[in-house]
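Between the sequences and the hints, there should be enough to build the whole structure, so can you do that?
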Amino acid sequence: MMLTLPAAPVVATPSPWAAAAMIAVVVLTSTTGEVLTAAAMKSIGDLDVIRERSGLKGAIRSVVTCPLFFAGVFFLAVAFFSLLLALNHLNLSLVAPASASLTLVTNAIAGKIFLKENVDRRRWAAAVLVCVGVYLLAH
Amino acid sequence: MTTLPAISLAHPAALIAAVFTPWVALGIALLIGFFASYLTALSWADLTFVLPATAFGNVIVALFAHFWLHEAISLERWAGIALITLGVSFVAQGPSRTQHAEPLRENSTTEEPVAGEVLPR
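In order, the protein sequences belong to chains A and Y. Its first residue numbered 1, the first sequence is counted upward by one per residue in this note's numbering. Its first residue numbered 1001, the second sequence is counted upward by one per residue in this note's numbering.
Hints listed in this document are in silico derivations from the structure and should not be mistaken for laboratory results. C-beta atoms are modelled at their ideal positions from N, C-alpha and C, and glycine is treated no differently. Be a bit skeptical, because a hint or two may be false.
Quick partial rundown of chain Y residues pointing at chain A, CB under 8 Å, derived from the structure [unchecked claim]:
1. A1025
2. I1028
3. F1090
Chain A regions said to be covered by chain Y (calculated; three or more residues, Cβ under 8 Å) [said to hold, decoys possible]:
4. 29-41
5. 118-129
This is the structure in structure tokens:
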């Protein structure tokens, strides 16, 4: 069953460069947010262990008192609003798969450089396969 | 959200009222649950392990849409499902966490080293 939606207002299509710039902003801000959040969680340590030791309240406190965590959440929020901005100008069928799949690859690169994670061949292969898969699925 | 009247920025109170609609409230509660589990996973696993693994949610959404909402899945989308599943199986075979000079988890040293893996120095 198809939903009938009101006709979308005709908006001037941005140039490919403007479209690429909007997607790049979404990808870069969300990668920054993910890396900062991951760094925060790594600095806090295993939450399951903290919860065993000082309860759920202690675990929540350890997260919400970490400045790095809020820096990460800030960038994730910026990424969300820049995604909304991009959706305002571009088609969902372009923005959603492009940003979701590119983020996986940029995160693999950023994880290797900034978080010093051991991104071996298996993880590169996974990042690329999931990237192509998400693109095909969301396209 | 589509069952609600259109919300415009001129009436922000309508947006706040929408938060308390049962379905929206349930969605927000589930999102908070997602974020809490995501943060817990990041506290003991690498970002490059957690992100591809959470991408498996896309596959679950597609399968739900197919078997529950009876949406058609094109050949292209089946290919996407296959690639994500393959990618997640790749990453899941490896260690969940990079080993640095000092072991970060006591039980991580008992794991069998896998060929190609960087061993703790």
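Structure-based check of all given hints:
1. Hint status for A1025 of chain Y: violated, given a least beta-carbon distance of 19 Å to chain A, over 8 Å.
2. Interface hint at I1028 of chain Y: violated, since its Cβ lies 14 Å from the closest Cβ of chain A, which is beyond the 8 Å cut-off.
3. Below 8 Å, beta-carbon pairs count as interface contacts, and F1090 of chain Y has one with chain A at about 4 Å; its hint therefore holds.
4. Residues of the region 29-41 of chain A lying with their CB closer than 8 Å to a CB of chain Y number 5, which satisfies the three-residue condition for coverage.
5. Counting residues of the region 118-129 of chain A whose CB lies closer than 8 Å to any CB of chain Y gives 11, which reaches the minimum of 3, so the coverage claim holds.
In this structure, the hints that do not hold are numbers 1, 2, in rising order.
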